[in-house]
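Visitor: All the letters of the sequence shown, read from the start, carry residue numbers 16 to 174 under this note's numbering.
Keep in mind the hints are simulated off the structure, nothing from the lab. Cβ atoms here follow ideal geometry from the backbone N, Cα and C, with glycine treated the same way. Everything hinted at is true.
Below, computed lysine to any residue pairings styled on SDA-like, alpha-carbon distance capped at 25 angstroms:
1) K51 / F86
2) K51 / G159
3) K51 / D62
4) K51 / L61
5) K51 / R85
6) K51 / G80
7) K51 / R150
8) K51 / E160
9) K51 / L88
10) K51 / S123
11) K51 / F133
12) K51 / A120
13) K51 / R35
14) K51 / D163
15) K51 / E128
16) K51 / T161
17) K51 / R81
18) K51 / W38
19) K51 / F84
20) K51 / R130
21) K51 / R37
22) K51 / A124
23) K51 / L72
24) K51 / R87
Distance windows between CB atoms, simulated:
25) R37 / G68: 15 to 25 angstroms
26) W38 / R136: 13 to 23 angstroms
27) W38 / R135: 17 to 27 angstroms
28) P112 / H57: 33 to 43 angstroms
29) G113 / A157: 29 to 39 angstroms
30) A157 / A124: 12 to 22 angstroms
31) A116 / D62: 31 to 41 angstroms
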Amino acid sequence: MPSEIREPAYPVPGDLDDERFRWLFDYWRARHRDRKLPGREHIDPLDFPQLLGRLYLVEVVREGGRLRFRFRLWGSRIRGIFGHDHTGHWLEEIAAPGTLADIEAALSACTLEARPFFWRRPMMVESAEYAATRRLVLPLAADGETVDMLLGLIVEDWR
Numbered sequence: 016m017p018s019e020i021r022e023p024a025y026p027v028p029g030d031l032d033d034e035r036f037r038w039l040f041d042y043w044r045a046r047h048r049d050r051k052l053p054g055r056e057h058i059d060p061l062d063f064p065q066l067l068g069r070l071y072l073v074e075v076v077r078e079g080g081r082l083r084f085r086f087r088l089w090g091s092r093i094r095g096i097f098g099h100d101h102t103g104h105w106l107e108e109i110a111a112p113g114t115l116a117d118i119e120a121a122l123s124a125c126t127l128e129a130r131p132f133f134w135r136r137p138m139m140v141e142s143a144e145y146a147a148t149r150r151l152v153l154p155l156a157a158d159g160e161t162v163d164m165l166l167g168l169i170v171e172d173w174r
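Let the sequences and hints guide you as you build the complete structure.
Guide: This is the structure:
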């Protein structure tokens, strides 16, 4: 893992931009110290109450040469979108059929490359009012280098 993070370009494609993604990305960038990643301890939820229900926090667990992801926080708004609270669950326990590999790839890229990751996912729930969700995931590292948490923001795309 490099000791310095790359200076990433803003990760959200222009046609899918949202002020909430830009705000959180800028907040995350402002918390970098000496060009190193911020840790969970550098993120204060009181700074962004307007986003809390849309946030999730994922613990990165390294086991036997592989990465596993456990949800530590699943915001109330995204609970409403998906109909479930994933707090405390492992990704493989809650991923909808056929989605695990894609979600693992996104979270792994964010973790291993220590960079923001943005993607759009179609809704898997038939009765949803939304066509898709847009997601921004930001790496956090207590030591400034090794990603141990991921901070995510979900925004729905309306039908």
